[in-house]
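Student: One-letter residues, chain by chain:
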Amino acid sequence: MSNLNVVVLVSIARHDKSGRPMLAPNDIQALEQARSICTVPRIVHVGQPGDEMVLRQYLGLGFPRLEVIEAEPGQDICAQLSAYLKQEPADLIFTGRQAQGNQDTGLLPYILADQLRLSLVDNALGSELKGDQLEITQFQPKGRRRVLKQTLPALITCSDKTPVTLEYLARAARQGELQIIRQQGREIPELLAETTVEASKPGRKRLTIKSEKSAFDRLHSKVAVAGGGGQVVSDGSADDKANRVLDLLIDRGALKV
Amino acid sequence: MSSNRPIKRINRFEQERGFVTRQGIKRIARARDVSLENQEFRQVAATKRTLSVENPADQILVCLQAKDQSLTTLDREVLYVGRALAGIDGQTSVIAIVFGELDSETDLTQMGADEVIMITDPALQQYVPDAQVDLLLELQEEFQVKHVLFPESDFGDSDLGRRYAVRSGKSIATSVFEVSETGLRRPCVNGRQQASSALTEVIMLQGGTTGTTELEFQTEAKAKDAPAAPGVGQQEEESFSLIASDIPLVEADFILSAGNGVRNMDTFHQLAEALDASIGGSRVIVDDGKLPRERQVGATGKIVNASIYIAIGISGAVQHLQGIKDCRYVIAVNTDESCDMIKRADLSIIADAEEWMQAMLGQLNQRKAGEQA
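Protein chains in written order, with the working numbering: chain A, 13 to 269; chain B, 637 to 1009.
These are calculated hints, taken from the structure and not from any lab test.
Hints should not be assumed to be uniformly reliable.
27 Å max Cα-Cα, derived BS3-like pairs, lysine-lysine [claimed, not checked]: (1) A:K154 / B:K1004; (2) A:K98 / B:K1004; (3) B:K782 / A:K217; (4) B:K961 / A:K173; (5) A:K173 / A:K142.
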């Protein structure tokens, strides 16, 4: 294990059905990835006072201390974090990709990386220290993965597909220390557009370009397009039919022979 | 006396007013008499008017990543939304910026782009999002940018859009699920609440913001030169694929799927292994216990998104066809030429499943042997 200064940023999520505060699953995955680099990472949370019970659950995953920066509602979390991390710089910062209980924009890592002048790698599945560089496995869709080399310092957002092995211990949750940090707050800047928030309701209006055609024309063109059907191969031996498909697979790059 | 009254006209449709579709279904044309018109259906679909935009006042940029040289349904939706927001009055033009190359089947004239900037520099196909943002920042100088649209996807779009918004200092709305000319809505507090706001400069769209991607007109999609890429060196990175059996079905790119027509599952598994394809199945096969539940494709199982989907012995129930609606190329193997799967498939093989699978294995072995010799 290295003696790097590793910081994990954690947030409090809201349960989607009950609305209760809970651990953010994506932040647990960030803790998991930090644990593979360093045994005792610093954990930092910015939020209003009063969520001690939830924050202690993070400690219950086997961490001795959590730093809580107190912020009033309406204050800018990014500014608080970057001010704090400028004072006490970190070599490596892990976070989840997107909060699940606040604005949920997924912008915080990007703003923070911009303010701290760090390079950012998104959607990491795991990382390993190789010399003074970090080897990051990045998630890509369709079963693909990318392995990157990244110099430190860096900010890494963790994929929600990271496997988690951390276990909860009630004793660790009780014994851990919540360290309260008070610093000057800042108002939220105007990067986010002015919004009105209301309770979620099902359904949405889909955007469509108003049709210039008559109903008949629309039906007519639907019928015309629906004609379709591809090529049908019914003649030939079984081997011919197999070769037909094999050639096509090789053509499309699905098969390498 | 009664002869002065006008004769009441009874609307009846004559047989000739109907027309017969290619599938042989009779339809009545209520709007106008089409019996004398040319019934070349393919031609009707092809004759779209072309929308041309001259001297637009401002632009909407749509930034997309080519995925295996094509665009996903979400990318098409984003282009459609761009077109809808731009309107068709010629005031605003839609400019598609595509990172990567597209194959010849992807036709941007049918998707509503007025101009297309293809960025095909191989250096930018690596993980260099900051260089991509540099390029976008350089590009936006040329235009009066009204909005910049991105899809929300793991292919790198979500990452790029957020970086661009933060670097350029533009207002942004992420994970947008509803958008119109007047405003947009996005979820917050873990989906328990919705935030509505006016349209922002950068808009990142989830799937389903529009119900259709078909346009009634086509656009010019003029190719525009990409600016010179900033000097990006060879990055230290490599890509690899998981083995097919480890890939979750929803993520898989090449799926071999079994239906009731497959009698011998051993051959099927052998073939899947030989082709290095992920395994899927219809409801019947899963109900029979021949495949685990997580391998079921269809409305009640997984909605898959493969580039190539081979359906062996699957007749194509509606629920199954729903599950494969996003697949790019479907190959059907079936004994029944009239089944629905064959209507959906791009290539259909009329053969017995077992016979065809054995032939595939035989031919594959032959080719591999030929390669080694």
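Student: Now tell me if each hint is right for this structure.
Tutor: Here is how each hint holds up against the structure:
1. A:K154 / B:K1004: Between K154 of chain A and K1004 of chain B the Cα gap is close to 26 Å, so the pair holds against 27 Å.
2. A:K98 / B:K1004: Answer violated: K98 of chain A to K1004 of chain B is near 59 Å, above 27 Å.
3. B:K782 / A:K217: holds, 22 Å
4. B:K961 / A:K173: Since the Cα atoms of K961 of chain B and K173 of chain A sit roughly 25 Å apart, the hinted pair holds (cutoff 27 Å).
5. A:K173 / A:K142: holds, 23 Å
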